[in-house]
Amino acid sequence: MENAWIIPLFPLLSFLFLLLFGRRLKENSAYIGMVLTLASLVYSLVVLFERFNHPTYKAEVTWLTIGDVQLTAGFEVNQLNALMLVIVSLVSFLVHTYSKGYMHGDGRFHIFYAYLGLFTFAMLGLVVSPNLLQTYIFWELVGAGSFLLIGFYFYKEEAKAAAKKAFIMTRIGDVGLLIGMILLFWQVGSFEYDEIFQAVDEGAISAGMITLTAILIFVGAVGKSGQFPLHTWLPDAMEGPTPVSALIHAATMVAAGVYLVAALFPLFAASEAALMTIAIIGAFTAIFAASIGLVQKDIKRVLAYSTVSQLGYMMLALGSAGYVAGVFHLMTHAFFKALLFLAAGSVIHAVHTQNIEEMGGLWKKLKLTGPLFLIGTLAISGVPLFSGFFSKDEILISTWVHGNTFLFWLAVIAAFFTAFYMFRLFFMVFTGDARGKQKEVHESPSVMTFPMIVLGILAIVAGYVNTPWFGTFLGDWLVADNDALGHGHIEGPAWIMIVATVVSLLGIYLAWLIYGKKSIQRDWLTVRMPLTYNVLYNKYYIDEFYQLTVVKATKGFTAVLSFIETFIVEGLVKLVAGIVHGLGIIGSKIQNGQVQAYGTVAFVGLAVLIVIFALTGGYLK
Amino acid sequence: MSGVPISAYLTLALVLFCIGLYGALTKRNTVIVLISIELMLNAVNINLVAFSKFGMIPSITGQVFALFTIAVAAAEAAVGLAILIALYRNRKTVNIDEMDTMKN
Amino acid sequence: MNEYFLSILVFSPLLGIAVLALMPKTQEVAIKAVGFLATLPALVLALVAFIGGSDHLKKYDIQIEWIRFGDYEAFDLFKIDYELGLNGFSLVLIVLTAVISTLAAIASIHIKKEWKGYFMLFLLLEVGMLGVFAAQNLILFFIFFEITMIPMFFLIGKWGYFEKEKAAYSYLIYNGLGSAILLIVIMVLFARTGTANIDALAQLMAVENANTVAPFSETLKFGLLIALLIAFGVKLPIFPLHTWMLRVHVQAPPAIVMLHSGILLKIGAFGLIRFGMGIFPEQFKSIAVLLAVLGVVNLLYGAFLAFKQSDFKMVLAYSSISHMGIVLIGLGALNEAGIQGAIFQVVSHGLISALLFFLVGVFYERFHTSTIANLGGMAKGMPLAAGFLLAGAMASLGLPGMSGFVSEFMAFLGLFEEMPILAAIGCIGIIMTAVYLLRAVLGMTYGRANRDFIAVSDLKSVEFIPVVALLALIVLIGVYPSVLSDPLHSTLETIMLGLGG
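Chains as they are written, first to last, in the working numbering: chain B, 3 to 623; chain V, 3 to 106; chain P, 2 to 502.
Don't take each hint at face value.
Said to hold, decoys possible - DSS-like cross-link-like pairs, simulated, lysine-lysine; straight-line CA separation at most 27 Å:
{"hint": "1", "chain 1": "P", "residue 1": "Lys309", "chain 2": "B", "residue 2": "Lys557"}
{"hint": "2", "chain 1": "B", "residue 1": "Lys576", "chain 2": "P", "residue 2": "Lys167"}
{"hint": "3", "chain 1": "B", "residue 1": "Lys576", "chain 2": "P", "residue 2": "Lys159"}
{"hint": "4", "chain 1": "P", "residue 1": "Lys165", "chain 2": "P", "residue 2": "Lys26"}
{"hint": "5", "chain 1": "B", "residue 1": "Lys28", "chain 2": "P", "residue 2": "Lys461"}
{"hint": "6", "chain 1": "P", "residue 1": "Lys381", "chain 2": "B", "residue 2": "Lys28"}
{"hint": "7", "chain 1": "V", "residue 1": "Lys29", "chain 2": "B", "residue 2": "Lys591"}
{"hint": "8", "chain 1": "P", "residue 1": "Lys33", "chain 2": "P", "residue 2": "Lys113"}
{"hint": "9", "chain 1": "V", "residue 1": "Lys94", "chain 2": "V", "residue 2": "Lys29"}
To be clear, the hints were calculated from the coordinates, so they are not data collected in a lab.
Just chain B, with the same shape it has in the complex:
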């Protein structure tokens, strides 16, 4: 555990090495990346198992001195961090493996692996940070890695726009985080998590300040985790290669916002208003994104909105003081969503389109991908015995027990939506007749199916580490020796579990009626409520709204400043230049060659000097 700092360095090494020598290695670059992330994974597992028996370990060195304040850098291995290390390095390793098949033949293969290394480094660095400043540093680096990967196909205008949008939207959130963090620093005098929690505990910070900083920090999480209203970048980010979507925009980076709130949970827990904000934003995002997901036609976009929605769930859990529920769902979601994305990638790899209207009937052709996708779909829909069932259940119970009845029912409806759109996706892609122009469809190579199988197993079994039936190991371990995090397991009424199950089965049944059995017309919504359909299909026109307000306002303000620049500032310059020029003209007129005129000027000048001298006595006070 003392050497856990080395975990993030393996991928960094991969990044640097591939940047320098990748060109010569070509596709062998994949092995470098895989071996080094495997090293991270193995060491992460070692650290995780060590952490079961050992207390939290923390080590720091001075990074920067400002006056008397020493800002430090280091690492901390607590329960949450150890868990995150394993999740991140595992998904990263699997994506590294999968990409070897998926990216085969790309001219910039090694660059892709270098970027993956950079991203993994940043993400691993983020989850071991012992203080807010270091968290922020890696937080931004993660954003940069994501930016590079979204824009990997840089020659596509859409990729360029998506990369730019992702960076800027998350940066808006980051500024909130930065402000919150600095304000907190001047309250506490340190960026260290321990000291912040201690100050909160002792009541050294006023309640208003806690709420303000907590909400500002949450703004950062909103940006990163694609919560409303900063969610629009995440669906666009699907322009990146699909393995990237699995790694960054499903399992790890977007979960960083949830991680941040979890890591700072004692701060948030101290302010009921902050918790409420998180819960409301989370619940709203969950249902809002799920409703958009109902009608999208791009397989990756459906998954993207589903991600946004699931992240909303996690936020709702944290906002309802369900620390364990949030982290638990973060973990299970990482597995089943990564699985879904990789399986989607496998589908796209086979049929060369992302439009689900052009798929269909793939179940027989993709013998491995199909069942694996089904596992992921069952898990995310919350069908009993799959991992998503247990974690979603925890969230619903937390919400109910915390007293957010309205948000609870929102979450239930969102769960219904989730089951519906996921099975809509499944039926449209895998059942029925082949639509579009599918040529020869092959199953992906084993290098791609292997990671999917691993994730498929995890998507089923990962839930059993924390169940009301067999014991809440994960929960008990996560909150051990820290009262501020709440209880390992929250007891709730048993009917919640039944409601959740019924709702998800209903969603699946409805999807089957429409898309499987086809007993309900597919264009049911389109025909009956074209307005609703259009609003949903166009994502509530949020992008257009921003285009009309924020972007217009920025451009308008720029135009105003530009006006000031051209007319007032430049005018000032012209004025000064004009005065100088005018003086020059007057001066050249005086130079008329008349000696007498010169003499007059000299005489007047002398006279003035003498008068001044006479008046002041020759000394300026």
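We have chain B already, so just place chains V and P on it with the hints.
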């Protein structure tokens, strides 16, 4: 002798100088301008001589300098008139307004 | 040796001028080589001093009697000595100057005509810049300050682009006015105290009703500080005194802009800190709010206007204005974090803008344009150059792990302690920086290619040196900022002592 105070000499010099200055700056005829300059020089001479008698440390130096000035003024008048004649030959005028070659 | 160390450092480029004077005009390669080599002694010596540590800088001080006025030997007044010296801050800037000068000399390979004159002026400019930071008295400072101005005027006016003359005159008028005001301040100080030594002046001003040759009223001190602010505000530049700098950035050859943006602008910040804060700490406190407001205005004004430009050089010019706003923000905060942030920003922006302008030079050399739209999709033809450009932009927009973040962070950290609301407004600038830089850089590198890049070569071997060196320094400061903060430590303590805690 002692009845005439120094201020009288200085006032005379001042008046003379002012007349000279006025003439030098305003007259159109170059000959008059030259004569005006002579007037100013002579005003200076009066000052020099007056201070050599009534100054804080009376000495002969002032009078010596007055003689120098007269000599220089004579030379200057000679050179000035020579230039003036040369100019007149070229331009057929002694009007100072037309002599503005320094402009270029 | 130690005694003459600094003099040798400052005047070593003169050797190059002497050699160049003896060379025939047409030997292009040899002239460029000599020009480059002549920057090396200063670089080596600066690095020696830097590695030697900041604790023993006193040993480099030199003081030789030079000019005396009047008959005040008994009081030791009204004399101007030749005195050079170092403190942590000036040492850092001298190293920066030496590094960027060497790299700019490499960037000068793109100069097309009259290499001999170019390099002679270039080296003279370097002497001026080194001298400015080493000078220990105001008059010597002013002399070096003027030495930078004249070569710069010719370098812009002769080797620049289409509107070079206009830019050169614009430069001369603004900076001439600035230095005139500076001269007035210096002369008032000198006439009233009888000394021009900066440390001596700082001590005199710190004492209330000090026994100076002529008295100083509070109003006079305040007026002098405002005059200093204007004089250095032209240089920095502070809104609305910035228009000259836009022209220079666009019209001067890129190698010269590296120096200009990298170092000459920093003289403004240096002056404000060394003289404004050092000599008039009390008065400086009272204008701190004004500085912070000006800083935020600079930051936002530059950022929003950079968003609109179509020429990448203009984007960088406005970005310089914007980044100098961060220096002002740090100074306005007037606490350790802020001032340290301002100094970091001075160094960091020097490196980053040198990197970006070098790349502009590289692109201009190949495409004869720096218009964003005309360069679209360049990553296809020049992946390495595009990658470095992106890295430079990331550094500029304050990505952690690079120097820009450390300085930006500290400046804002400082300002949030004093004026949180103003700082929060300033934070919009952080977003806008990302917006305009990504718009410009992605516009140039990403997207569909607008032209044929087949015949275009990527970075050549010699072009790698500046790019890699600058990026390495940027990352070094970003990852291990102590490399910069350690030498600054004692200087900052002195400043904070002057400010009263």
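Consistency of the hints with the structure:
1. Lys309(P) / Lys557(B): holds (8 Å)
2. Lys576(B) / Lys167(P): Within the cut-off at roughly 13 Å; holds.
3. Lys576(B) / Lys159(P): holds (24 Å)
4. Lys165(P) / Lys26(P): Distance of about 23 Å is within 27 Å: holds.
5. Lys28(B) / Lys461(P): Distance ~22 Å between Lys28(B) and Lys461(P) Cα, so the pair holds.
6. Lys381(P) / Lys28(B): holds (18 Å)
7. Lys29(V) / Lys591(B): holds (21 Å)
8. Lys33(P) / Lys113(P): holds (11 Å)
9. Lys94(V) / Lys29(V): holds (18 Å)
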